[in-house]
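Asker: Listed below are the residues making up each chain.
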Amino acid sequence: MAEFLQHIINGLSQGGTYALIALGYTMVFGILQLINFAHGEVYMIGAFVGYYSSKFFGEELSQFWMSLAGKMAEDGQTLIPTFASSLLTAMTIILIAMLVCACIGFLVERFAYRPLRSAPRINLLITAVGVSLLFQYSGQLFFGSDPKAYPDLFSDLDVWTFGSEEESLVINPIQVTVLTSSIILMLILRHVIFHTRLGRAMRAVSFNHDLASLMGIPTNLIVSATFMMGSALAGAAGVMVGLTYPKVEPLMGSMPGLKAFCAAVLGGIGNVTGAVLGSFILGLAEALLSGYAMPTYRDALAFGVLIVILLVKPSGILGVHRTEKV
Amino acid sequence: MSKESQNKFAEIPGILGMKGWLFAAAVIIFLHFTLQLGLNAYYFQILMFAGINITLAVSLNLVNGFTGQFSMGHAGFMSVGGYMSSYLTTTYFASNPDMLQNPIISGVIFFFALIAGGVAATLAGYVVGLPSLRLRGDYLAIVTLGFGEIIRVLLLNMNIVGGARGLSGIQPLTNFFWVFIFALLTVFCVWRVVHSAKGRVLLAIREDEIAGTSMGVNTTEGKVWAFSLGAFFAGIAGGLFAHYLTTLNPGTFDFNRSFEIIIMVVLGGMGSISGSIVAAIFLTLLKEVLRPLQQITGYDLRMIIYSLVLIGMMLTRPQGIFGTSEITSLFNYFKKRLKRGAP
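Protein sequences appear in the order of chains D and U.
The first sequence begins at 118 in this note's numbering and counts up one residue at a time.
The second sequence begins at 57 in this note's numbering and counts up one residue at a time.
Be aware that a few hints might be false.
[Unchecked claim] Some chain D residues judged to face chain U by a derived CB distance under 8 Å, without partners named:
{"#": "1", "residue": "229"}
{"#": "2", "residue": "244"}
{"#": "3", "residue": "248"}
{"#": "4", "residue": "254"}
{"#": "5", "residue": "363"}
{"#": "6", "residue": "406"}
{"#": "7", "residue": "421"}
{"#": "8", "residue": "427"}
{"#": "9", "residue": "431"}
It should be emphasised that the hints constitute simulated quantities derived from the structure, not laboratory data.
For glycine and all other residues, C-beta sits at the position ideal for the given N, C-alpha and C.
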C-alpha cells in the first residue's frame, strides 16, 4: 500500500511538471495551430536560469528570507522558518526563471514565427524545429554539454517519513513544494484565461484570428502575451524539475517537451483543463508502469498513448471535435 | 494552364527516358570497377555517405516535399531496416560462412536482406502512418518523432539484436555498386511515381487537401501510400548504412540523423528531386569541411549552423534552393535561350 502511495506521489509531482509544460503547448496550439517545438527548450533554459541564479545569489537570497522568517518566528522554533525561507528562495528563483523565459518566448515569437504567420503551416513547423535545435546546440555551446548538479535549496530539511520501518512512505518537501506551486500557477492561469479581459481576448483570437482583429483586438499583442505566459510556465517547470531531480543539461528539454505535448493531445489540444488532466494521467501512468511492470519502457509510453488516442479519439479526452471550415 | 507551362511540364518526364536510366546504371557498374582500382579511402567513404544520403533525401522528399506531410522519423525507419537486414545477414552468414567467399551469392543474399529490411520499414511506416495521417499534418511530425523513440526503446529491450550492446560483426557487404544502384532506383521510383496519376494525387494533397477530398481524391490512402514508400527506401538505406558501419546500436539512428535528412530536403527544395540530390551531396561535403572547425573550437558547431540555415531558409526562401522545379528545367532554359540566339 505504501509502495502504491509512493508511486502515486511520484506520479503526481511528475504530472505537475508535465502540466506546466503542456499548458504552454496547448495555449500556443489553441491560438496559432502551431506545435511549438521550441517549447521544451524554453523549459531547459528555465532550468539553467534557475541553476545560475541560485548558484550566484542563492546564498544571499536564502539568508535574506531566513532573516525575515526568523524575525517572524521569534519563539525559537526552527523548522518553520527554515522551510519558509527555503520555499521563498525557491519561489524567487522560479520567478526569475519565469521572467527570463517570458522574454525568450516573446523573442522567439517575434523574430521566428511572426514573419511566417501567413506562410503555409509546414514552414512554421520547420522553423519551430529549427529554433528548437538552435537552442539545444547553442545551449551546449554556452552551458557546456555535461550535466550540472543543481544547488540544493532544501538542504536543511529532512524528507518526511511516514509509517513503520518496513513500509514507509517518503515524501520529499521539494515534491510538495513543486506540486503546490504548479497547482497555484495553474489556478492563476485559469483565472487569467477565464476571468480577465486579456483572457477573453486570447479566447477570441484562438476562436477566430481574423474576426478578433476586426473587433479591435490587437491580435499580435495577444499572441505575444500567450507565448510569454506559456514560456513563463515552462520556465517555472524547468526550475521545479531542477529542484526535484538535481541535474540539468542542454538536451534535457526535448523529451519532457514531447511527452508534455502527448499529454496535451491526450487531454484535448487547445483545452487548458484537458492539458492538466492529460499530464496528470500521463505522470501517474509513467510512475505506475516504471514502478510495477516495465521500467525500461517508460520513455515509450507517452508516444504509445499518443498513437492510441489518435486512433480512438483524435480530439482527446476533453476536446471537442471541430469541423474544418474552408 | 498557359501553353508555356504545359510545355515545361511535358518536358520533365522525357528528359531521362528508359535508355537514360539504363545508361546511368551502366555508368554505376563501370565506376564500381574503376573506383576499386584506386581511390583514397577517405574520399571513398564520403562518396558512400553521399550515395546513402541521396537515397534518404529523395525518399523523404516524396513524403515531405511532394505530399506536403512532415515526417521526422526517417531515422526510425532506417533503424528498422538496418536492424532487420543486419540480423538476417549475420544469422545467415554465421551458419554458412563459406557463402561469403562467393561474391555473387553473398551479393544476392545481401540484396534480399536489404529488401526484407525495406519491407519491415514499410510495415512500420504503415502502422505508424495510418492513425496519424488520418489527421492533420502536424500530428505526423510528433508521432514520427515519438516513433523514433519507441523504436529505440524496443531495440534496447530486444536481446535478439543485442539490446543495449547493439549488433556487431555485421559483414561489410555494402559497396559502391549497391549504394548507387539503390540511389538510382530510389530516384527512378520517386520520379516515376511523381509523374504518374498517383503523383497527381500526392500533389493534390500537398496543394489543398480539402479541395482534393472534395474532388474525390482519397487523401488518407495517398498519404499512407507515400509514407510507406518513403519508409521502404529509408529501410534500404538503413541496411546499406549498417553493412557499411558493421556495428549498430539503438542510438545509431537518432533524431539528429532525421534532422540531417530533413534539412537536405528543405535546402534542396521540397518537391524537387534533383534539389534533394544536390543538397545531399552538398551537406555530406559540408560535414567534412566543417570537421576541422569542430576540432579547433571543440564544439559541434555543425548543428547550430544547420539550424540557423533552416530558420534563415524558411524566413527568406521557404521553397528551398530549387523550389519545386528540377535542375533539368535550368538546362531547358539555357537551351531555349541559345536557340533564340540571346546572349
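Asker: Please go over all the hints and tell whether each is borne out by the structure.
Answerer: Results for each hint:
no. : hint : in the structure
1   : 229  : holds (6 Å)
2   : 244  : holds (5 Å)
3   : 248  : holds (6 Å)
4   : 254  : holds (4 Å)
5   : 363  : violated (24 Å)
6   : 406  : violated (12 Å)
7   : 421  : holds (7 Å)
8   : 427  : holds (5 Å)
9   : 431  : holds (5 Å)
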